[in-house]
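Colleague: Just so we're aligned, residue 1 is where the first sequence starts under the UniProt record's numbering, counting upward by one.
Any given hint could turn out to be false.
Listed next, the in silico DSS-like pairs over lysine-lysine satisfying Cα-Cα at most 27 angstroms (straight line) [claimed, not checked]: (1) K217 <-> K52; (2) K282 <-> K236; (3) K348 <-> K282; (4) K358 <-> K348; (5) K236 <-> K12.
The hints are simulated quantities; they were obtained by calculation from the structure and are not laboratory data.
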Amino acid sequence: MLAGLPGLEVVKIRQLLLLWYKEKGRDLPWRHQKDPYCIWVSEIMLQQTQVKTVIPFYQRWLQRFPTIKDLALADLQEVLKAWEGLGYYARARNLHKAAQYLIQNYNGIFPDRLEEVLSLPGIGRTTAGGILSAAFNQPISILDGNVKRVLSRFIALSVPPSKALPQLWELSDSLIDLENPRDFNQGLMDLGATVCTRKNPKCDQCPWQGDCQAYNKGIQSQLPMSEKSTPIPHKKIGVAVIYNDQGQILIDRRPTDKMLGGLWEFPGGKLEPDETVEECIKREILEELGIIIEVNEHIITVDHAYTHFRVSLIVHACRYLGGEPKPIGCEEIRWVNLDQLEEFPFPKANIKIIEALKLIKDC
DNA sequence: AATACGTGGTC
DNA sequence: TGACCAAGTAT
Numbered sequence: 001m002l003a004g005l006p007g008l009e010v011v012k013i014r015q016l017l018l019l020w021y022k023e024k025g026r027d028l029p030w031r032h033q034k035d036p037y038c039i040w041v042s043e044i045m046l047q048q049t050q051v052k053t054v055i056p057f058y059q060r061w062l063q064r065f066p067t068i069k070d071l072a073l074a075d076l077q078e079v080l081k082a083w084e085g086l087g088y089y090a091r092a093r094n095l096h097k098a099a100q101y102l103i104q105n106y107n108g109i110f111p112d113r114l115e116e117v118l119s120l121p122g123i124g125r126t127t128a129g130g131i132l133s134a135a136f137n138q139p140i141s142i143l144d145g146n147v148k149r150v151l152s153r154f155i156a157l158s159v160p161p162s163k164a165l166p167q168l169w170e171l172s173d174s175l176i177d178l179e180n181p182r183d184f185n186q187g188l189m190d191l192g193a194t195v196c197t198r199k200n201p202k203c204d205q206c207p208w209q210g211d212c213q214a215y216n217k218g219i220q221s222q223l224p225m226s227e228k229s230t231p232i233p234h235k236k237i238g239v240a241v242i243y244n245d246q247g248q249i250l251i252d253r254r255p256t257d258k259m260l261g262g263l264w265e266f267p268g269g270k271l272e273p274d275e276t277v278e279e280c281i282k283r284e285i286l287e288e289l290g291i292i293i294e295v296n297e298h299i300i301t302v303d304h305a306y307t308h309f310r311v312s313l314i315v316h317a318c319r320y321l322g323g324e325p326k327p328i329g330c331e332e333i334r335w336v337n338l339d340q341l342e343e344f345p346f347p348k349a350n351i352k353i354i355e356a357l358k359l360i361k362d363c
């Protein structure tokens with residue numbers, strides 16, 4: 001007995017989902033084999049990221065880093081370059097760090113014990129369950145966005161999922177099919193992704209329609225309850241594309257453990273109140289790099305939305321005048337040609353700047 | 001417990 | 001354009 005359901009009902013519910021999955025489950029690249037490394041890579045990439053976005057990254061990644069050893073031996077810069085555009089770059093840094101740890105301590109073998117998997121950086125409860133069930137068919141439950149939505153509707157949860165995590169985990173634990181946990185977990189996620197969608201759920205195609213409390217109450221489109229959101233600030237950033245007399249451009253590498261850590265960027269900083277963009281850029285470059293520049297024409301303004309704030313990058317062409325550049329507020333600095341920029345990993349907002357520079361050069 | 005952490009898609 | 005969300009984890 002669980003969640004008010006008799007044991008016989010639970011057996012039926014499991015079978016309904018497994019049957020549905022067999023007929024309607026998605027064919028995804030990482031389901032073709034059971035190498036825990038490949039499953040691991042897919043699970044990390046899929047954190048907060050849609051399947052459609054992940055697939056090309058996943059295939060390129062395994063081509064470049066086919067094994068844990070290949071990943072461990074690679075340079076972090078190359079790892080980040082392979083991750084460029086996927087976002088949440090700590091995932092790539094953690095994947096790299098964990099691969100090196102596995103080479104050092106596990107002879108490069110991915111562990112099959114929950115406690116050990118959970119101890120790896122970047123792997124939490126859901127990712128651990130996803131890996132252990134998919135790679136080893138272990139009955140470890142999951143609670144990702146899809147499962148939260150499916151289960152919230154299934155029990156007509158009257159609060160946002162984040163307010164009922166223990167209850168939802170308990171339900172996911174109780175439902176999982178002990179004979180076929182791999183297909184059960186994958187089926188649960190597929191159900192959320194293709195049938196029990198956030199908007200316009202296709203309840204007429206759902207194997208759990210008869211047992212879904214939200215459906216039976218006619219409130220499925222109102223669930224799950226939305227999380228409360230806080231307003232996000234909007235920052236204006238002055239950005240410098242600094243040229244020297246050889247026509248090279250100055251770029252810097254961001255501190256490894258901060259936002260966009262390890263990625264390269266065009267230097268700059270936040271506009272202070274009552275400061276012009278020109279003043280801001282000149283001040284920031286002196287503070288961060290210790291050099292004097294002349295701020296020239298406006299190149300482009302890039303608007304970009306992150307999760308918890310938005311920015312307008314106001315980019316100006318600048319000329320290097322004097323002083324020895326020093327990495328004061330960053331890890332490293334380099335003078336590079338326009339053509340060399342693509343060798344470095346850049347965040348998306350900076351890639352828009354590079355595109356603009358290429359257009360200017362072509363004129 | 002609340003916040004930091006990217007990007008692409010939708011309406 | 002702005003708000004919201006998608007295979008979450010770390011602190």
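Colleague: Hints first: check each against the structure and report whether it holds.
Modeller: Outcome of the hint check:
1. Distance hint between K217 and K52 is unfulfilled; the C-alpha atoms sit about 33 angstroms from each other, more than 27 angstroms.
2. For a cut-off of 27 angstroms, the pair hint linking K282 to K236 stands: about 15 angstroms separates their Cα positions.
3. This hinted pair checks out: K348 and K282 have alpha carbons roughly 24 angstroms apart, not beyond 27 angstroms.
4. Pair hint K358 plus K348 holds up; C-alpha atoms about 15 angstroms apart against a cutoff of 27 angstroms.
5. Restraint check: the Cα-Cα separation between K236 and K12 comes to about 57 angstroms, which exceeds 27 angstroms; the hinted pair is violated.
Going down the numbered hints, you'll see the structure goes against 1 and 5, while the others check out.
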